[in-house]
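Q: The numbers in the UniProt record's numbering rise by one with no breaks, and the one at position 166 of the sequence shown is 166.
A couple of the hints might just be wrong.
[Claimed, not checked] DMTMM-like, lysine to aspartate or glutamate: derived pairs with alpha carbons at most 20 Å apart:
(1) Lys16 to Glu59
(2) Lys74 to Asp179
(3) Lys75 to Glu189
(4) Lys34 to Glu59
(5) Lys212 to Asp224
(6) Lys34 to Asp73
(7) Lys250 to Glu13
(8) Lys188 to Glu167
[As the list claims (entries may be wrong)] Now the in silico label distances, taken between C-beta atoms and shown as ranges:
(9) Thr110 to Asp224: 21 to 31 Å
(10) Met131 to Pro223: 47 to 57 Å
(11) Thr162 to Lys126: 26 to 36 Å
Derived from the structure by calculation, the hints contain no laboratory data. By construction, the Cβ of each residue, glycine as well, lies at the ideal position given by its N, Cα and C atoms.
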Amino acid sequence: MEVSERFWNATLEELKNGYCEEGEQVVCLLCGKKLEKGIIYPDDGILYEAGRFMRVHIEKSHQSVFEYLIQLDKKLTGLTDHQNNLLRLFHQGKSDQEVQKEMGIGSASTIRNHRFALKEKERQSKVFLAMMELLKEKDSYAPAFVELHKSAKMVDERYNITQEENETILKKYFPEGTDGPIKAFSKKEKHKLVVLREIAKRFNSEQIYTEKEINHILKVVYPDYVTLRRYLIEYGFMDRKSDGSEYWIKE
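Just need the whole structure built from these sequences, with the hints factored in.
A: Right under this line is the structure:
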């Protein structure tokens with residue numbers, strides 16, 4: 001199971017914790033790191049069981065679940081930039097007066113109004129989520145969509161891809177199978193997205209790569225590996241240091 005699929009299928013409680021349990025493993029929903037239950041993990045002279053050590057991992061690697069979630073694309077969170085800033089300050093424990101001063105807007109009563117609006121959004125989200133869960137029981141015609149990757153950029157209609165469309169596109173561009181090369185790199189945005197998502201699977205999300213290593217893997221896929229590398233970054237599948245010395249897959 002891909003990290004993104006696990007993330008979107010998680011319960012609200014699992015998302016709050018930042019991890020889920022799968023059999024004898026505890027899995028980080030933010031990066032896919034897995035820990036075995038029943039094993040004691042040492043860190044800074046302290047011994048932790050798997051669940052507690054996963055919380056240590058989240059704090060050290062992702063700062064916090066809240067910080068990870070608040071940095072997701074606004075199309076994924078449904079938040080405006082203004083709401084995002086408010087939530088950050090509220091999470092930091094700032095008072096209404098402190099938030100008003102830092103953001104330079106209105107008065108303390110203005111901030112209370114924003115709190116009320118966010119509370120309304122929470123209520124609406126709960127009702128909408130309940131309706132969507134009930135809809136699943138009745139809507140037998142709903143197609144299965146490909147899950148968004150959490151680091152997706154420019155989320156728009158190009159991400160409207162069903163599982164059936166995904167398979168058709170992969171067969172078209174990977175005639176020798178998805179482990180083989182692509183015969184062309186499409187200019188169609190939706191096709192490009194599907195192909196890049198598949199290519200990204202060739203990289204280990206826990207490994208840091210040099211540009212030479214990235215190029216070596218991509219050359220096998222398509223002669224114009226520079227274009228592939230650029231679009232993997234542009235679409236949020238891959239990231240790199242500003243000097244190009246390190247590359248890694250984003251989950």
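Q: Now, for every hint given, state plainly whether the structure supports it.
A: Verification of the hints:
About 13 Å separates the Cα atoms of Lys16 and Glu59, which keeps this hinted pair within 20 Å; it holds. Distance hint between Lys74 and Asp179 is unfulfilled; the C-alpha atoms sit about 33 Å from each other, more than 20 Å. A distance of roughly 18 Å separates the Cα atoms of Lys75 and Glu189; the hinted pair therefore holds under the 20 Å criterion. As the CA atoms of Lys34 and Glu59 are separated by approximately 15 Å, the hinted pair is consistent with the 20 Å bound.
A distance of roughly 14 Å separates the Cα atoms of Lys212 and Asp224; the hinted pair therefore holds under the 20 Å criterion. Of the pairs offered as hints, the one joining Lys34 and Asp73 is violated, with about 25 Å between alpha carbons and a cut-off of 20 Å exceeded. A threshold of 20 Å between alpha carbons decides the hint, and for Lys250 with Glu13 the separation of about 24 Å lies outside it, so the pair is violated. Pair hint Lys188 plus Glu167 holds up; C-alpha atoms about 16 Å apart against a cutoff of 20 Å.
For Thr110 and Asp224, the hinted distance range of 21 to 31 Å is not satisfied, since their beta carbons lie about 53 Å from each other. A hinted range of 47 to 57 Å holds for the C-beta pair Met131 and Pro223, which are about 49 Å apart. Look at Thr162 against Lys126: about 28 Å separates their beta carbons, and that is inside 26 to 36 Å.
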